[in-house]
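Generate coordinates for the entire structure from the input sequences, incorporating the hints supplied.
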Amino acid sequence: MKKKLVVLTGAGISAESGIKTFRDSDGLWEGHDVMEVATPEGWRKNQELVLDFYNKRRQQLKEVEPNSGHNILAELEHDFDVHIITQNVDNLHERAGSTKVLHLHGELLKVRSTQNRNLILDWTEDLYTGDLDPNGHQLRPHIVWFGEDVPALEEAINITETADYFAVIGTSLQVYPAAGLISYTPSVTPVFYIDPNPISIPNLRNKVDVIAEVASKGVATLRDRLKSGFSF
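Counting with UniProt numbering, you get residues 1 to 232 for the letters of the sequence shown.
FYI, nobody ran anything at the bench for these hints, they're computed from the structure.
Virtual Cβ for every residue (Gly too), placed ideally from N, Cα, C.
Warning: the hint list may mix true and false statements.
Claimed, not checked - Dumping the calculated SDA-like pairs for lysine to any residue here, alpha-carbon to alpha-carbon at most 25 Å:
no.	residue 1	residue 2
1	Lys3	Tyr184
2	Lys4	Gly180
3	Lys100	Pro186
4	Lys20	Phe146
5	Lys20	Trp43
6	Lys56	Leu109
7	Lys2	Asn158
8	Lys4	Ser68
9	Lys110	Ala179
10	Lys3	Asn206
11	Lys56	Thr129
12	Lys207	Ile157
13	Lys3	Arg223
14	Lys2	His78
15	Lys45	Gln59
16	Lys207	Asp224
17	Lys100	Val191
18	Lys227	Asn71
19	Lys45	Leu109
20	Lys45	Asp33
21	Lys45	Arg57
22	Lys45	Asp149
23	Lys2	Glu154
24	Lys217	Lys227
25	Lys20	Ala220
26	Lys20	Asn46
27	Lys2	Leu226
28	Lys56	Gly31
29	Lys20	Phe53
30	Lys2	Ser187
31	Lys207	Ile72
32	Lys20	Asp33
33	Lys217	Val64
To be verified - Quick list of simulated restraints, FRET-style, between CB atoms:
no.	residue 1	residue 2	range
34	Leu204	Gln59	37 to 47 Å
35	Asp126	Leu204	35 to 45 Å
36	Pro198	His137	39 to 49 Å
37	Pro186	Asn46	40 to 50 Å
In structure tokens, the structure reads:
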């Protein structure tokens, strides 16, 4: 049986494809205060602004391509049982060929009913006020906003608890509950931490291999170490 490699990815891996990180150093996302475009309060206050914001993100996604980091993770499925848990809302992992991708924070190319969170539709074009679900309710971006539950968290925990290897790529480990996933890894599971500016991970029982590189270079290093039978 293939060893199970669980990978938690964040904005850093998509940034190399040209997608801006969720929040720049000034606290803005594509020029907007995240509270205006990524909270239920922002939606209630200015639905048109929120719809326009995600329409632009959706269009931007059509203009970018997976990078070598995404591609290498897909290629690793030849040798490992790879499960990707991503905080990203883009589809670059899927487009690179990864077959087991769990989106913690939703997906840009899906929308859902404002009245039934389980009524989710594929959606590749712009979304407007007046676009309704089959029951006549307004549709909204299928994005987990600040202050909302993370429905996929339980599945992510279950996946993490059975990891033979766990890799963290391009995430600041500051956004919870996603950042807390690492604490669910079995204590004997090696952890690979790929980030150009790594932080210390408190109270972690696991041995950690820190790869201080951007995502694409770090994933190449990860591949080489895994294939060589790396051990601490």
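Quick rundown of the hints versus the structure:
1. Lys3 <-> Tyr184: Holds, at roughly 17 Å.
2. Lys4 <-> Gly180: Answer holds: Lys4 to Gly180 is near 19 Å, not above 25 Å.
3. Lys100 <-> Pro186: Satisfied, since the Cα-Cα distance of roughly 20 Å is no more than 25 Å.
4. Lys20 <-> Phe146: holds, 18 Å
5. Lys20 <-> Trp43: Distance of about 22 Å is within 25 Å: holds.
6. Lys56 <-> Leu109: holds, 12 Å
7. Lys2 <-> Asn158: The given pair, whose Cα atoms are some 18 Å apart, holds under the 25 Å limit.
8. Lys4 <-> Ser68: holds, 21 Å
9. Lys110 <-> Ala179: Cα-Cα ~24 Å, so holds.
10. Lys3 <-> Asn206: Since the Cα atoms of Lys3 and Asn206 sit roughly 17 Å apart, the hinted pair holds (cutoff 25 Å).
11. Lys56 <-> Thr129: Between Lys56 and Thr129 the Cα gap is close to 15 Å, so the pair holds against 25 Å.
12. Lys207 <-> Ile157: With Cα atoms ~19 Å apart, Lys207 and Ile157 stay inside 25 Å; holds.
13. Lys3 <-> Arg223: Given pair Lys3, Arg223 holds - Cα atoms ~13 Å apart, limit 25 Å.
14. Lys2 <-> His78: This hinted pair holds, its Cα atoms lying about 9 Å apart.
15. Lys45 <-> Gln59: Holds. Lys45 to Gln59 sits at ~24 Å (cutoff 25 Å).
16. Lys207 <-> Asp224: holds, 18 Å
17. Lys100 <-> Val191: holds, 19 Å
18. Lys227 <-> Asn71: Distance ~16 Å between Lys227 and Asn71 Cα, so the pair holds.
19. Lys45 <-> Leu109: holds, 23 Å
20. Lys45 <-> Asp33: holds, 13 Å
21. Lys45 <-> Arg57: Holds: Lys45 and Arg57 sit about 20 Å apart, inside 25 Å.
22. Lys45 <-> Asp149: Judged against 25 Å, a Cα distance of about 20 Å means the pair holds.
23. Lys2 <-> Glu154: holds, 23 Å
24. Lys217 <-> Lys227: Given that 25 Å is the threshold and the Cα spacing comes to 16 Å, the pair holds.
25. Lys20 <-> Ala220: Within the cut-off at roughly 22 Å; holds.
26. Lys20 <-> Asn46: Distance ~23 Å between Lys20 and Asn46 Cα, so the pair holds.
27. Lys2 <-> Leu226: holds, 12 Å
28. Lys56 <-> Gly31: holds, 12 Å
29. Lys20 <-> Phe53: holds, 13 Å
30. Lys2 <-> Ser187: holds, 20 Å
31. Lys207 <-> Ile72: holds, 23 Å
32. Lys20 <-> Asp33: holds, 14 Å
33. Lys217 <-> Val64: holds, 19 Å
34. Leu204 <-> Gln59: 37 to 47 Å: Check passed, 40 Å falls within 37 to 47 Å.
35. Asp126 <-> Leu204: 35 to 45 Å: holds, 43 Å
36. Pro198 <-> His137: 39 to 49 Å: Once the Cβ atoms are compared, 44 Å apart, the range 39 to 49 Å for His137 and Pro198 holds.
37. Pro186 <-> Asn46: 40 to 50 Å: holds, 45 Å
In summary, the structure agrees with every hint in the numbered list given earlier.
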